[in-house]
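*Asks:* Below, each chain spelled out in residue letters.
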Amino acid sequence: MTEVKANMAGNVWKIVVEKGDTVEADQDIVILESMKMEIPIAAEEAGTVIEFKVAEGDFVNEGDTIAIIE
Amino acid sequence: MSYMEELKKRVEEIEQGGHEKYHKKNEEKGKLFARKRLELLFDDDMDIEDAFFANCMDGSLPADGVVTGIGKVNGQDVCVMANDSTVKAGSWGKRTVEKILRIQETAMSLEIPMIYLVDSAGARITDQIEMFPGRRGAGRIFHNQIKLSGRVPQVCLLFGPSAAGGAYIPAFCDIVVMVDGNASMYLGSPRMAEKVIGEKVSLEEMGGANMHCSVSGVGDVLVKSEPEAIEYARNYLTYFPQNFRQKPRTVEAKETTSFEKSIRDLIPENQNAPFNMHDLIKRIIDEDSFCEIKKKFAPELITGLARINGKSVGIITNQPRMKGGVLFPDSADKAAKFIQLCDAFNISLLFLMDVPGFMIGTKVERAGIIRHGAKMLATMSEATVPKISVIVRKAYGAGLYAMAGPAFEPDCCLALPTAQIAVMGPEAAVNAVYANKIAELPEEERPAFIKEKQDEYKDNIDIYRLASELVIDAIVDPDELRNELTKRFSIYESKNTTFTERKHGVYPV
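If you read the protein sequences in the order shown, they are chains A and B. Residue numbers for the first sequence follow full-length UniProt numbering, so the first one is 1 and each next one is one higher. Residue numbers for the second sequence follow full-length UniProt numbering, so the first one is 1 and each next one is one higher.
Source of the hints: derived by calculation from the structure; they are not laboratory data. Careful, some of the hints might be misleading.
Capping the alpha-carbon separation at 27 Å, the derived lysine-lysine pairs in DSS-like fashion look like this [stated by the list, open to error]:
(1) B:Lys495 - A:Lys36
(2) A:Lys53 - A:Lys5
(3) B:Lys224 - A:Lys5
(4) A:Lys19 - A:Lys53
(5) B:Lys363 - A:Lys14
(6) A:Lys36 - B:Lys200
(7) B:Lys451 - A:Lys36
(8) A:Lys36 - B:Lys363
(9) B:Lys437 - A:Lys36
(10) A:Lys14 - B:Lys451
(11) A:Lys5 - B:Lys296
(12) B:Lys295 - B:Lys29
(13) B:Lys451 - A:Lys5
(14) A:Lys36 - B:Lys295
(15) B:Lys453 - B:Lys337
(16) A:Lys36 - B:Lys458
(17) A:Lys5 - B:Lys363
(18) B:Lys224 - B:Lys295
(19) B:Lys495 - B:Lys337
(20) B:Lys29 - A:Lys5
Quick list of the computed label-pair ranges, beta carbon to beta carbon [what the hints assert, rightly or not]:
(21) A:Glu44 - B:Val201: 43 to 49 Å
(22) A:Asp21 - B:His278: 24 to 30 Å
(23) A:Thr65 - B:Gly368: 50 to 56 Å
(24) B:Gly59 - A:Thr65: 57 to 63 Å
(25) B:Glu199 - A:Glu44: 43 to 49 Å
(26) B:Glu365 - A:Thr65: 23 to 29 Å
(27) A:Gly63 - B:Glu252: 44 to 50 Å
(28) B:Glu427 - A:Glu45: 48 to 54 Å
Just so you know, even glycine gets a beta-carbon here, dropped at the ideal spot from N, CA and C.
Kindly produce the complete structure, drawing on both the sequences and the hints.
*Replies:* Structure follows, in C-alpha cells:
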C-alpha cells in the first residue's frame, strides 16, 4: 500500500482517475492548481486506487495524502 | 631471508589488504576491494603509489588502511585516495591522515583533480591524540579540501559509510556519487542517536544513499553498483579541465538525437499546462551527452552537464512537469552550487526559462526562501563564463532574475515566440489590480470583464514589444535554437571579464 502525496501546497483542480482504477507507475492521479500552474501528481508505483482522501476544490498542503494505492 | 625475499613478501602482504574474512564480508555486500576499485577507475594501472609501506612495522594494518597515488582517467592524471575497509573498517590512524594530506597537497601543487573513494568508519579512537586535534590532524583534510575547491575538480565516490567528521569529505567535494544500500553519511550513528537523544531510527532512513540524494541534497547521484559509480565519475570528468586555469576539452561534435516531434510541436500554447523539459534538452544537445546532477533532489529544476557541438555546457532549467517548475528553497540551493561548479571550471552556462516564479506561502517563508533565492541570484550574477539565457515560455517575477534575466549580464537573452515576460502572469495580475472592481460587478459580468483585462495585459507584455524595447536580444525559431546556441557559444568563447574587485562578497548563505 502506498500513499500518493501532494508535493506542494495548492487546490485539487481535477481528479483524473476513479476509485477502483488500475494505474501504472508515473501515471497522473490528480492535477493540482497552484501558483496558477497545473501540477500533475503521479502514482509512484503501479496498483489499484482504493481511496481518495481529497475532493476537487479542496486545499492541500505539501505532504498531505491525496490517494491510497494498493 | 634475502633482501629481495623480504621486499617481495612485504609487498605481497600489503597488496592483499586486510584479513580474508573482511574481504568475504565486503563481497557479500557487493563491495569491491579498494585496489580493484582503482583498477576500474584508471585507464590502466595506477602509475605511482606513495606510502605503500605506511605503518608496515605493525603488520596488521596494510598501507594503514588507505591507498593513495596518481593514475590516468581519460588520458589525464588524477590524484586518488581510496579507503580500504578490510583494514580496521577503513578507519583513520595517524599515518592514514598524513597520507590523505600528502596526496591532497600533491593535487594542489600539480593542479590535477582529486578523487576520494570513501569507505571508512571514521577516526581510530585509540589513535586520537595523534590523528585528531593537531596541525596535521584530520581537520587539515577539510582545510585542504576547502583550499582545493574551485582550483581542481574534487569528486567523492561513496561506497560505504562516511561517519562523523568523515562525513565532511563528501560535503566539500564538487559532487558525491552514492551506491544505494551501502553508502551512508551521518554525524552520529543510529545507535548514538538512540543513546544521546532517544531517537529510534534506521541507518537507511537517517543517513542512507537514497535519503541524501533526494531529501538532504548532500548526495548528488544515486547509483545501483560500484562499477556504475566509477563509470559515472569517468564520464563526469570528460566535461572538465584539469584545473581552473584550463578550458574543458572539446570532443568530437555529435548531432542531436532525431525525433518525430520538433521543439515547435513540443511546447504547449497554454502557459499553465505542463510539458517535459527533458524533451527540449534532448533536441538541442549532442546525442547522449546529458550528465544529470541531483536528478532526484528538487526535480522542479534540472541541472546537468551536456555538450553542444562538442563543447561542455552546464544547463539549468525549470521543469514544468514537476511542481510547475516553481522555484523552492531546495531548487535555489541546487542551482547555486551547480552554477559555482561550472563557473569555477570555465564551463559555459545555459539557462532555459519556463518559470512561474518563487513559491509563496508560510512554509517556504519559514524555510528562508528569500535568502536561498538570494544565494542563487548571487552565484548566477557572479558567474563570468559565457552565459546565455533563453526564455522558453513564461518568465515571471523574480524567476526572470534568478534564471539569468537581462539585468544580470548574460551575453544574450533569447526568446522563443512562446515567451512571456512579466512581473506576474495575466490571471494573477488582473486579480491583483482589479480585485475591488471585480467584486463590485454583478456576477454575470465578471468573466467578460476579466477576459478583457487579461487580453489587454497580454498585449502589454507581448514578446515583440519587449524585443522592440531591447529587453531581449533576439526571437528565435524553436527549431533553430540549437544552431543559434552553437554559433553564440562559439563566438562568446573569448569572453574575459572579472566580476568586481574585492576580497570576497558577503554571501547570503
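*Asks:* Taking the hints in turn, state whether each one holds.
*Replies:* Here's how the hints hold up against the structure:
| no. | hint | in the structure |
| --- | --- | --- |
| 1 | B:Lys495 - A:Lys36 | 39 Å, violated |
| 2 | A:Lys53 - A:Lys5 | 10 Å, holds |
| 3 | B:Lys224 - A:Lys5 | 26 Å, holds |
| 4 | A:Lys19 - A:Lys53 | 11 Å, holds |
| 5 | B:Lys363 - A:Lys14 | 24 Å, holds |
| 6 | A:Lys36 - B:Lys200 | 41 Å, violated |
| 7 | B:Lys451 - A:Lys36 | 16 Å, holds |
| 8 | A:Lys36 - B:Lys363 | 18 Å, holds |
| 9 | B:Lys437 - A:Lys36 | 21 Å, holds |
| 10 | A:Lys14 - B:Lys451 | 22 Å, holds |
| 11 | A:Lys5 - B:Lys296 | 16 Å, holds |
| 12 | B:Lys295 - B:Lys29 | 25 Å, holds |
| 13 | B:Lys451 - A:Lys5 | 34 Å, violated |
| 14 | A:Lys36 - B:Lys295 | 25 Å, holds |
| 15 | B:Lys453 - B:Lys337 | 41 Å, violated |
| 16 | A:Lys36 - B:Lys458 | 15 Å, holds |
| 17 | A:Lys5 - B:Lys363 | 16 Å, holds |
| 18 | B:Lys224 - B:Lys295 | 14 Å, holds |
| 19 | B:Lys495 - B:Lys337 | 22 Å, holds |
| 20 | B:Lys29 - A:Lys5 | 33 Å, violated |
| 21 | A:Glu44 - B:Val201: 43 to 49 Å | 22 Å, violated |
| 22 | A:Asp21 - B:His278: 24 to 30 Å | 27 Å, holds |
| 23 | A:Thr65 - B:Gly368: 50 to 56 Å | 27 Å, violated |
| 24 | B:Gly59 - A:Thr65: 57 to 63 Å | 59 Å, holds |
| 25 | B:Glu199 - A:Glu44: 43 to 49 Å | 26 Å, violated |
| 26 | B:Glu365 - A:Thr65: 23 to 29 Å | 24 Å, holds |
| 27 | A:Gly63 - B:Glu252: 44 to 50 Å | 47 Å, holds |
| 28 | B:Glu427 - A:Glu45: 48 to 54 Å | 34 Å, violated |
Consistency with the previously given hints fails for numbers 1, 6, 13, 15, 20, 21, 23, 25 and 28, ordered from lowest to highest.
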